[in-house]
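4 protein chains.
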Amino acid sequence: MTKRVKIYSQGEPLAPWREKIHEIIFEADTPAGKAFDVVLIGIITLSVIAVMLESVAAIKREYSFSLDIAEWMFTGLFLVEYVLRLISVRKPLLYATSFLGIVDLLSILPSFISLFHPGAETLVVVRVLRVLRIFRVFKLAEYLGEADALMKALRSSRKKITVFLYTVFIFVVIFGSIMYLVEGANSGFTSIPKSVYWAIVTLTTVGYGDIVPQTHLGQMIASAVMIMGYAIIAVPTGIYSTELAKAYRESSDTSNTACIGCGDEGHDDDAEFCKYCGEKL
Amino acid sequence: MTKRVKIYSQGEPLAPWREKIHEIIFEADTPAGKAFDVVLIGIITLSVIAVMLESVAAIKREYSFSLDIAEWMFTGLFLVEYVLRLISVRKPLLYATSFLGIVDLLSILPSFISLFHPGAETLVVVRVLRVLRIFRVFKLAEYLGEADALMKALRSSRKKITVFLYTVFIFVVIFGSIMYLVEGANSGFTSIPKSVYWAIVTLTTVGYGDIVPQTHLGQMIASAVMIMGYAIIAVPTGIYSTELAKAYRESSDTSNTACIGCGDEGHDDDAEFCKYCGEKL
Amino acid sequence: MTKRVKIYSQGEPLAPWREKIHEIIFEADTPAGKAFDVVLIGIITLSVIAVMLESVAAIKREYSFSLDIAEWMFTGLFLVEYVLRLISVRKPLLYATSFLGIVDLLSILPSFISLFHPGAETLVVVRVLRVLRIFRVFKLAEYLGEADALMKALRSSRKKITVFLYTVFIFVVIFGSIMYLVEGANSGFTSIPKSVYWAIVTLTTVGYGDIVPQTHLGQMIASAVMIMGYAIIAVPTGIYSTELAKAYRESSDTSNTACIGCGDEGHDDDAEFCKYCGEKL
Amino acid sequence: MTKRVKIYSQGEPLAPWREKIHEIIFEADTPAGKAFDVVLIGIITLSVIAVMLESVAAIKREYSFSLDIAEWMFTGLFLVEYVLRLISVRKPLLYATSFLGIVDLLSILPSFISLFHPGAETLVVVRVLRVLRIFRVFKLAEYLGEADALMKALRSSRKKITVFLYTVFIFVVIFGSIMYLVEGANSGFTSIPKSVYWAIVTLTTVGYGDIVPQTHLGQMIASAVMIMGYAIIAVPTGIYSTELAKAYRESSDTSNTACIGCGDEGHDDDAEFCKYCGEKL
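Chains as they are written, first to last, in this note's numbering: chain F, 417 to 697; chain P, 417 to 697; chain U, 417 to 697; chain R, 417 to 697.
In isolation and in its complexed conformation, chain F is listed as follows (with noise of 0.2 Å):
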């Protein structure tokens, strides 16, 4: 997101008009903008709240034709939104491929399709997608600053979650087919892939209770998933907190003190003297 502001934020000027749409409806710092945006948060909000209401049947019997008319009323609404954000953009194609383009046009259409397709309509909650433009707003009080912060941390752990992932994978698949051998059809352990879900609820302490070992064999081998993923269960956060930790640190010592040899930054606590350039501090 932030990217994308910025794309917008340099290079040659639009047509006053389309720089002033643009300024309302993209960027969140001008007074016009952030209104804009916390309108529009609550109105996706809304909506939100419409197609969830819709869903219930009780509630649907009743004002089935006042949420239509919200419904249409938010596709209006959005639509519009939809055609001015490709107006005031320089590149209108960029802005219809990115992630929130995407998002904007499929909170649209579900409703034109239900037109054809009956059902389709509860799509629509896509739109709670949208909401994630309330980051947007959020940057004003720094939001998106923790926001990134989270997200570096993510990203540092990527490669760590991905071998860990992976050996959850592997050892779900073989105590899923152990059980499944053991424990039989007698007992919910129908087959294989039914067996692996067995593994993954339990290893993730979900534990529904809708497929549980009968035999004294199968209630060993459950303990020991079960005591495996209460260990393991430590990795994935030992890895996050680890790299926060390393993100924090790395922000947080630094930015401090700027040498005055080189002007960098980024110095420890307990530095003496620079250590780009070896001007004493």
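There may be inaccurate statements among the hints.
You can't tell identical chains apart in this list, so a pair holds if it fits in one copy or across any two.
What the hints assert, rightly or not - Below, simulated DMTMM-like cross-link-like pairs (lysine to aspartate or glutamate); rule was C-alpha separation at most 25 Å, straight line: (1) LYS662 / GLU439; (2) LYS476 / ASP626; (3) LYS575 / ASP445; (4) LYS436 / ASP626; (5) LYS476 / GLU497; (6) LYS568 / GLU435; (7) LYS476 / GLU435; (8) LYS575 / GLU497.
Hint data in this document are derived by calculation from the structure and do not stem from the laboratory.
Fit chains P, U and R to the supplied structure of chain F, relying on the hints for placement.
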């Protein structure tokens, strides 16, 4: 709480007898004050237990009468205490509108309301909040300090947690809706709100098992949700640990004393000489 | 445990034969002593397994007799051992009243009690506590050191954990009561204690599913509880990780270099002068 | 794995053609070698999926025949591969007895066994273990390095985890037995082993709900177990995070370069001058 205590410990003196009452009721530093708090917490605990027992059908049938008496005794005591508090503070309104002041009031009212609206007496359970005063007593044992440390960490991780919760919120709405479309009404996913409820139950690894996916596709998606929840659980922990570690580092070792020789800080609590220049601290 | 060991390793000598017995039974540093411990732990494990098997109806029907014999054999062995321990220590009373001494006694009594009160023999399972001696053997492998590290971290996070548990306690009482009022008896929330039990089951993400909210409002509140529990789970972990990290840093950074001046250890990695006597390191 | 790779990359040369095969099959650094691994992993994955599908009654009824053919094709391929591996290594026995060598063998045998003992083919699922080779391919992307980091942290926290698991083990046996005595057979706690199983299910916060306390006392004890489990879950995470953080610190910033001037270490990776004496590094 600390704040309020401060407010009352400064400023022009009250009438000696009010001063005395104030010291006993509000302060926890004097023997009398501490004794009062300890007794009070004991009574509060008893009254809460009484309310809880009263809700147990079997017990109520047996001891209904004695429980009522106890109930009114407690109410009486708290009423007296509340009045004394109002009298003994310089700004009664300030106290009455403070969090604990409101709690104190709410822990008396229900009993009287129940005279006109039977059943309301259950609300008396709000009294348990009064137990929060216990931290006042703890303070002497520096427990409050710890509580502050925890709070500080929570505060500084507030933004991150918010961003996190937002993401989780969007996450459960999306997956709840998907499951609603995939599973349909046949297996408990009767509406989007209910499906979102399921998503929360699953993501948080609570896993009641009251709503469970039946279709193969549904179980696959559920598995994905669980694994994610499993990985996601790392985030708040990571955030909090990091913040706590920071809050620690700042409070504990560093920043107390700067060396006279080199002006360097970051010496351990037990350091007697600067570890950088050897100067006596 | 370490403490007790210390007590016996200092002071005026026992009679040589008692000294010998003591060394074998209490110490784990000599080959004989270690062998004894290993055998003992083996027997303890066997006796515990025996008790567990005896509780399985099917097995009891089959091997009732042989299990009884085994049971009495184990009791006899432990009785002899207990007597030897009493004989071989300088202060029998001190041992008899020590935690492990009481456990040793409790692991013998039930068998005899069961002669008069059948069923009491199940209490023999307390013997499993004797397995704690295993750490004595581990000590050789420096496992005890690790255990100490864990313990130290637990001790220093004791206060925080207490504050945390208190908050959780208040939390579950409040929400338990609310759910009791919201859900009513129709869906398992028959009393406040039961509702509090539900709140604990939910907050800890155990989620049996034996008590589950039925109303929409109830499910919303439950969701809130879960999300909170999800965020709250971060706290103890954060606390503990931090404490452990500290316990670590102190132990690791430390002890590499001893000051030449005062022979004191525990200097940071980046220290250039002894922080106790100012001597150049 | 890394170890084995080393073994084969040193020492006197093989016959060129065997060398070639070896390079393709065992190494993952050459294009050919990597391509081979990627294809292999694809086939393994397919074969595992085939086994899983075959276990689904509905699918088996439909595609039994084609699945059998696929099954035998995969077996054939793996057989050929296994033979090639034996040929192309200097010490066939060393490979055959290595972990991956055994896995390779086990992933062929079941199919043949199933000729005499139908049903054995399910064991083929052990093939999923072969996917572990995937880390070989990852290595190029430095994933293996990450895996090593995780492993190192796991190894160094091995002792602590052991102590922890021991405590948990004793814990569940004790509480399992207590619950067996408290609850009795009426509510699923039919034997101590089953009660211990319950204790594990509860402590790990899996909470199937297949065995649930019915009595008030039982529910109190259960609550205690849950809260403890909730607090205990912090321990492995804490241990692991700390170890990982350490493994990190050691590997990342410190210990690479010592200053020529003051011999001080602990400089950041990007440091060009000693931060203590300003000497050029």
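Hint-by-hint comparison with the structure:
1. LYS662 / GLU439: Classified as neither; 36 Å inside a copy, 39 Å across copies.
2. LYS476 / ASP626: Classified as between: cross-chain Cα gap 24 Å, same-chain 31 Å, threshold 25 Å.
3. LYS575 / ASP445: between (35 Å within a copy, 19 Å between copies)
4. LYS436 / ASP626: The answer is neither: 57 Å in one copy and 53 Å across copies each exceed 25 Å.
5. LYS476 / GLU497: neither (28 Å within a copy, 52 Å between copies)
6. LYS568 / GLU435: neither (32 Å within a copy, 43 Å between copies)
7. LYS476 / GLU435: neither (43 Å within a copy, 63 Å between copies)
8. LYS575 / GLU497: For LYS575 and GLU497, neither the intra-copy (39 Å) nor the inter-copy (30 Å) Cα distance is at most 25 Å.
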